[in-house]
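2 protein chains.
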Amino acid sequence: MDDMTTDTEAGQCRKTPGRPRDARADDAILEAVIALLSSGQSAAAMSMEAVAAKAGVGKATLYRRWPNKETLLVDAMLRMKGPPPVPRGTSLREDLILLATRPIGKDNEKHTRATACLLPEIAKNPELYDVWQRVTEPRRNVTREVLRRGIETGELRADLDVELTTLMLSAPSMAQNLFHFNPAVPAEGLAEKLVDAILRGAAA
Amino acid sequence: MDDMTTDTEAGQCRKTPGRPRDARADDAILEAVIALLSSGQSAAAMSMEAVAAKAGVGKATLYRRWPNKETLLVDAMLRMKGPPPVPRGTSLREDLILLATRPIGKDNEKHTRATACLLPEIAKNPELYDVWQRVTEPRRNVTREVLRRGIETGELRADLDVELTTLMLSAPSMAQNLFHFNPAVPAEGLAEKLVDAILRGAAA
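Those sequence lines, one after another, are chains A and B. Using UniProt numbering, the letters of the first sequence map in sequence onto residues 1 to 204. Using UniProt numbering, the letters of the second sequence map in sequence onto residues 1 to 204.
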């Protein structure tokens, strides 16, 4: 692969693929975006100037890497979400639990706050919504593949609504993680209980 | 009931229960809060002054009715959510569909925008979170009652996780209505499909 193709993965929208890059500046810039979001700064009000200042880089450095705020937000969201998990393919239940579990890391709380701040803006801004879809669709695609494989193996009903089931697997965790939607549901063991409840109705 | 008790229902937090009220001013004030929220104004940044100005009333009029922003937000949320639906009690499936369906009215889009703007603030502000719980708990209680009745009649499994099921009934609709979480799931018929999928696993 040459320099022209290494920058073409999803969400990498830099206009100058051949340019040598300083990974530390990239890190500082993306972390600045996440820090601003998690401190309550709205994506709509966030300026490229504020990001550059927070990251301690010049505006030229920032614009060389990300030509506009939308491409910068895509990469910040990708950084927060990380790549979708890779199911082992040996157990349908295990694969679904993996997909229904939110990653737990040292930055998880910060990322949760940032995502909670982003979601309402995503809902009302079509450009941001497109960005968000590019970030979330790969994970949904993995879920769809796992469910379709379950239908093929006969573990799941042939007429299972794959899209609805994908929603049912993700929405409760989102609602609990971001908004503590039903305070009577403990976070501990949520993914397992949810998958078991869904599988009970989805089994062939 | 005397004047002292007519104002003590949930969310009615006025300090001066005996005072004669002007329903039009109440309406204007609550609609001003909803309009500010749905226009993107954050609850945290919203001032009592801005609400009074938007409603076209004096600050004294506003403070006579609501001593602080939290009590005002409770009543604005209650106005948006409306009272919880009353299940007919003749069909478990029908009752659950009623509870999983978001009310559709002329103000629904505005209320959805306002709620989407409120949720992240609720998540990070413990006082607002308490307010939100007081608004959402009555509806969850109706759902719990319907599920427990289903267990009693033997339609639902005796070991059904009522809290998890309550979450499963509400989170997907919220995720779709507020954030179009999975764009491949149509809004049309969502409540029916969701209830049928959940009942399939929850049936005795």
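Any given hint could be a false lead.
Unchecked claim - What the simulated footprint calls covered on chain B by chain A, stretch by stretch (three residues with Cβ under 8 Å from a Cβ of chain A suffice, anywhere in the stretch; the number is not a length):
(1) 46-54
(2) 108-118
To be verified - What follows is a set of in silico ranges between Cβ atoms, one per label pair, in the way DEER data are often shown:
(3) A/50 x B/85: 43 to 51 Å
(4) A/88 x B/31: 50 to 58 Å
(5) A/129 x B/45: 37 to 45 Å
(6) A/187 x B/39: 31 to 39 Å
(7) A/88 x B/145: 49 to 57 Å
Since the hints were derived computationally from the structure, they do not count as laboratory data. Here the structure is a predicted model, which is why all the values come from computation and not from measurement. Idealized CB from N, CA, C, for every residue including glycine.
Evaluation of the provided hints:
no.	hint	verdict
1	46-54	violated (count 0)
2	108-118	holds (count 3)
3	A/50 x B/85: 43 to 51 Å	holds (45 Å)
4	A/88 x B/31: 50 to 58 Å	holds (54 Å)
5	A/129 x B/45: 37 to 45 Å	violated (24 Å)
6	A/187 x B/39: 31 to 39 Å	holds (34 Å)
7	A/88 x B/145: 49 to 57 Å	violated (41 Å)
This entry does not satisfy hints 1, 5, 7, going by the numbered hints stated previously.
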